[in-house]
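Model the placement of chains R, L and H with the ligands on the given structure of chain D, informed by the hints.
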Amino acid sequence: MKARVFVTLKNGVLDPQGKAIGHALNGLGFASVGDVRQGKVIDLELSETDAAKAKETVKAMCEKLLANTVIEKYEIELK
Amino acid sequence: MKARVFVTLKNGVLDPQGKAIGHALNGLGFASVGDVRQGKVIDLELSETDAAKAKETVKAMCEKLLANTVIEKYEIELK
Amino acid sequence: MTKITPEMVREHGISDSEYAIVLKLLGREPSFVELGIFSVMWSEHCSYKSTRVHLKKLPTKAPWVIQGPGENAGVIDIGDGDACIFKMESHNHPSFIEPYQGAATGVGGIMRDVFTMGARPIAMMNALRFGEPSHPKTRHLVSGVVSGIGGYGNCMGVPTVGGEINFHKSYNGNILVNAMCVGLARQDKIFLSAAKGAGNPVVYVGSKTGRDGIHGATMASAEFDDASEEKRPTVQVGDPFTEKLLLEACLELMATDAIIAIQDMGAAGLTSSSAEMGDKGGSGIELDLDKVPQREANMTAYEMMLSESQERMLAVLKPGREEQARKIFEKWELDFAVIGVTTDTNRLVIKHKGKVEADMPITALSDAAPIYERPFTKRAPVTGVPAFDTKKPVLASLEKIIAAPDMASRRWVWEQYDNSVMNDTTQHPGGDAAVVRVHGTKKALAITTDVTPRYCRPDPFEGGKQAVAEAWRNLTAVGATPLAVTDNLNYGNPQKPEIMWEIVAGIDGIGAACRALDFPVIGGNCSLYNETNGEGILPTPAIGGVGLLKDVTKMATVAFKRQNDVVILIGETKGHLGQSIYLREIEGKEEGASPPVDLAMEKKNGDFVRGLIEAGRVDTVHDLSDGGLLVAIAEMAMASGIGASVGQAEIAGAVPFWFGEDQARYLITAPFAEAEKIVAEARAAAIIVAELGKTGGETLMIDDKASIKIAKLRSLHEAWFPRFMAGEEIPVTN
Amino acid sequence: MKSAVIVFPASNCDRDAATALEQMTGQKTHMVWHQDSELPDVDLVVLPGGFSYGDYLRCGAMANQSKIMGAIKKHADKGGAVLGICNGFQVLAEAGLVPGVLMRNAGLKFVCKPVALTVEETQSTFTRKYSAGQTVTFPVAHGEGNYYADKDTLDRLEGEGRVMFRYQNNPNGSARNIAGILNEKRNVLGLMPHPERVVDPLNGGTDGRALFQSLIETLS
Ligand SMILES: Nc1ncnc2c1ncn2[C@@H]1O[C@H](COP(=O)(O)OP(=O)(O)O)[C@@H](O)[C@H]1O
Ligand SMILES: [Mg+2]
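Chains as they are written, first to last, in our numbering: chain D, 1 to 79; chain R, 1 to 79; chain L, 1 to 734; chain H, 1 to 220.
The shape of chain D in the complex, shown without the other chains (with noise of 0.2 angstroms):
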């Protein structure tokens, strides 16, 4: 089974990553480019097979390493 996990930055916190690179796609002449934010993808590989299981492995992983839950937020896709 495989997750995806997804970790972005709470609303409202400052994201000086999306903030310069809207400001560089801006500067090559993409003018319809708005706001920007940057996260992390992270692909996981796991041996269990149950998606309800697996599913919460991922959110007890999310909740110790993956996200820095003060200033990110976490989704999680199973496929």
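A couple of the hints might just be wrong.
Unchecked claim - With a straight-line Cα cutoff of 30 angstroms, these simulated BS3-like cross-link-like pairs (lysine-lysine) come out:
#, chain 1, residue 1, chain 2, residue 2
1, L, Lys-443, H, Lys-113
2, H, Lys-113, L, Lys-554
3, D, Lys-10, L, Lys-589
4, H, Lys-78, H, Lys-129
These are calculated hints, taken from the structure and not from any lab test.
Given the structure is predicted, the values throughout are model-derived calculations rather than measurements.
The following block gives chains R, L and H with the ligands in isolation, referenced to the frame of chain D:
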């Protein structure tokens, strides 16, 4: 219109960060974790309303700036 | 208008008696925005209400002091029209909540304090205290803080050249992150924060304002309608890229004569910067918040005034210079906006969306702010000589001590900091003081941070003295003339009389030492309420010291330079073991009296050693501190790979001789003939001096009996930190 | 030898590069702003170290989009010498002026320390004053110096004598211990360690001097 871009390392390119995350997860007792890869997710707000055009523009952004196609691949999701 | 309720007042940390003053000063109830402004300006952090009466007692003047406490940073004269500007500041609480960002924004904040005065930052230091290594949070906090300091400082291109780290259980719930920035400017290009004159434009530059770091307690109040939104973190995220642009843009603007006053937006952002500039200039300030560059939609006046968004500055320009300034900030791709004007009303007036949200006398925020003479309970210093096992083999103890958490090499830390960028670092981390050359000259600045918290709980007064004396000694040991200090007073809750005593005695001790050593205090910072569950931290008055070397080529270092040099000990060894590292690490005790500091002897011994360095007669010096004599010899050997054979002198017991922490001592080495002369001169000057032996070989040998290989000492000394951190989590990056 | 140092937003070794160049050549160096579209008439262009654009997104990526890069490519095409140090190397790699990419250090930490390097090749504008196989010590100071290229590229670099400096103790996981490489035409050098920080004995050595002397001898 919003676009989400995934930038991940091509297969075969070593991912030290993913490896370290996998290692740390194993160390925390998450034994079911196998391979781990880390990438970036970039969320863009676009003033463009036509999906096909938006996709094309975002593709150009990826080629030009967002991904280094020597080692990275990208996927685009519109929403 | 929002009706102010007693709950709101309390949530803003304003006491009933303070609120009564607010009502009197305004002659009416405050608006919600005004209440927020009072709460931050009257906070301990901004007003120094508990410490102000005591800080006044510190010596702040000397012929070379250009600017003492009161501005964003202190300024000293280092000759040739050059000025050195420096300051230290804490970011303790944010770093405990989010170590990477907390430490990073701490670094960013102190850099702004220095460059807002016109200086280019040239060196960074950091003084860190963590809980016990065995505490479950410690590793995570060390990892995050160190990478945060590196992440910000490295990107800024300012070398991080030194610091100190202690581990102690009193910091388990309350780490200390104190960062110091040292900058250089020309004396005729120093910028102050006094917004003199009426009708001058007030400009905002840097990053946009978001809802960063607005005080948590007020989040739930009626002004916040976004109830659905996730609870906003009060942690700010640092953006070193923007800060680097801000630095360059500010220095470019400062090269013109467009600026009347400038001030960074630190804690309490727009509020404190505008109030302080108005206060110092004796003017009023009127701001139109609609003009403030905003990162988020629908920000209220309250949020904008209290936001602690980073990488922002407020300046008052000469009228008509707006366009010249705008061009510079646009070149650096930074926001620039004229957001207000100075007035002659002495009032702070805040307008937003056509409404006056605040209109208050500026003096209400400064002179009229409460000041407390908090009661304190004197406590007699701990006295006595603790018992210890006199038979323990000395070298086995040395092996343990140099590998102890407080004593092991900090290489793991400093290798994550760019310590050589700017090409002027002449003494890298690892020595007594960092040395950074004044670019393009042969002058150099020596920089150190010091305090020994374990001395400060048993005897806050001697502990305060010792911190200053050790800083002075570290600067002396590289050959610098110590010039001035910035302090960072980290203590527990001042409303507890026993803690207030620690503060008062600590400040008195610092004052006494600074006076005796001609080492004025030109700036500082207080961090109080460092407590968790009623447990206060060890009193930790960190001292950042700066000194000047006139000729950097004469600089001394700790490494042995030659074989067969005579090893000379300067200063008196009584064998003071109270509160020593030896006692803690070998006997498992934190007991006895802290070592007393004889300031006259400090001065005499230090001046003698410095004289030898300045005359080019001695190039190898190490001051004695944590761990005592044998540890210092081991450090000199490890730094060079050259061993030594040394023997005991003077006092009887081996343990107190080798490990006692008597103050005012230095080790120096010199070739035989020179050594004879030095010893004779010292004796003639009534300085206590002893020849301990010779350098040479690959081992450290004591009393011709026991020896240990330098290589072994090195591997023990280097092993602890990386081994401890090996279990760390994934390091963070920007 | 006439030289120019490019200044990108948040370049931070630009002054260091200029100081070293001026000290070695006795001539003023041109500081060139990234928004300029023309280079002054120079023999050598240096892309300095630092954190252009904060190293956000990918180190070197945004700097590669700067206006001045067009002129630098032209200069290189005409055979002009280009030296990219640290962040400058990352920009050169992003621009395709040298092959490969610089990834995050294998240890995942920023690393600043003096490292011993072997000078692999002396047949170049940049290294002729060194002797082949010589050990030199330059400081490194980077978080992303882990050189990566596919096997064919690496083989080619080795086969054509384009690996100029190699780490003796690899600090970052770099493929085949590579610290510095040349482009095909041998006029563009990218390297992670900082030769400009070792031209003055007071800062930790003089091993970097020969690199500048090589350039001066060839280009003056
Ligand atoms: N947090 C730190 N960052 C950088 N360097 C550090 C840090 N902590 C300690 N060091 C360096 O390690 C060396 C030893 O520190 P310390 O034992 O506190 O020195 P001293 O006893 O001379 O004051 C010093 O050169 C110091 O600058
Ligand atoms: Mg010392």
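(request) Quick one: which hint numbers does this structure break? Sort them smallest to largest. (result) Those not satisfied come down to hint 3.
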